[in-house]
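Peer 1: For the sequence shown, full-length UniProt numbering assigns the number 1 to the initial residue and increments by one for each residue that follows.
Treat each hint with caution, since some may be false.
Said to hold, decoys possible - Estimated spans, in silico, between C-beta atoms of each pair:
#: 1; residue 1: LEU35; residue 2: GLY237; range: 32 to 42 Å
#: 2; residue 1: LYS133; residue 2: THR221; range: 35 to 45 Å
#: 3; residue 1: LEU213; residue 2: GLN136; range: 13 to 23 Å
#: 4; residue 1: TYR199; residue 2: GLY168; range: 18 to 28 Å
#: 5; residue 1: PRO109; residue 2: ASP212; range: 20 to 30 Å
#: 6; residue 1: LEU15; residue 2: ASP212; range: 23 to 33 Å
#: 7; residue 1: ASP33; residue 2: VAL110; range: 34 to 44 Å
Quick caveat, the hints were computed from the structure, so don't treat them as lab data.
Virtual Cβ for every residue (Gly too), placed ideally from N, Cα, C.
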Amino acid sequence: MLRTAYWLFDFLFYLLYIIFCASRAKSMEKNGDKLKKRAFTQKVGQVWSHRIIKKSGSKITIEGAENIPESGPVLIVSNHQSYFDIPLLVSTIPLPMGFVAKKELQKIPVISKWMDLIECSFIDRKDLRQSIKAIQKAQHTLKDGHSMVIFPEGTRSKRKEMSSFKPGSLKLAQKAGVPILPVAIQGTCDMFETNNRIYPADVKIKILPLFDLEYVENTTTNQLLTDVFQLINKELGGSSLLSID
């Protein structure tokens, strides 16, 4: 309980710094310094994310860093066990990135403003028209040279086993014409989701081999979904059989 209270206090205190950084980033954006803004928000995000993870007391093991391309854009595809997956990806992968996220996150003060600045796309899965517009926005962002993260499960699994992938969730990479960087995350569910308190956990993040652009463009959407699912799920120790909603 004390660890959770200490983590929350530190998190809220650091939000004040984020407000200042958001103001600077917004100024860069207004001045048309898009690349400068992206580099700045990436650096701030990495520092903040590293702090969030460290304050949890968790041990992080990183493998496959050599698979990360030197520059983007790429579509980063990961399983999703916990809220902590987001700072874990930001602190591990040294590329400016936005997220395809659920619309509920737009209601969180400060955080939602920061997510706008890092060019996230918010999806309302109950509104097909809005979802299409959000995906089109993410597609434009990728074409503009900014990497994006998508969790094809659609929501947190809150457990070590991976949930099914949503059909068509990787079509974004094909439409934008970008490679796919698959990522397997194990253990973040033990940091919070299991008990709704912050606990130290043994977390492993493995960056898997890149699906290059040629493969992405010349593979059917369903086969691409199958291949990415199987690669991540195998790393997590799950069945090699594809599960699609």
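Peer 1: Work down the list of hints and note, for each, if the structure agrees.
Peer 2: Status of each hint after checking the structure:
{"no.": "1", "hint": "LEU35 / GLY237: 32 to 42 Å", "result": "40 Å, holds"}
{"no.": "2", "hint": "LYS133 / THR221: 35 to 45 Å", "result": "20 Å, violated"}
{"no.": "3", "hint": "LEU213 / GLN136: 13 to 23 Å", "result": "20 Å, holds"}
{"no.": "4", "hint": "TYR199 / GLY168: 18 to 28 Å", "result": "36 Å, violated"}
{"no.": "5", "hint": "PRO109 / ASP212: 20 to 30 Å", "result": "40 Å, violated"}
{"no.": "6", "hint": "LEU15 / ASP212: 23 to 33 Å", "result": "39 Å, violated"}
{"no.": "7", "hint": "ASP33 / VAL110: 34 to 44 Å", "result": "22 Å, violated"}
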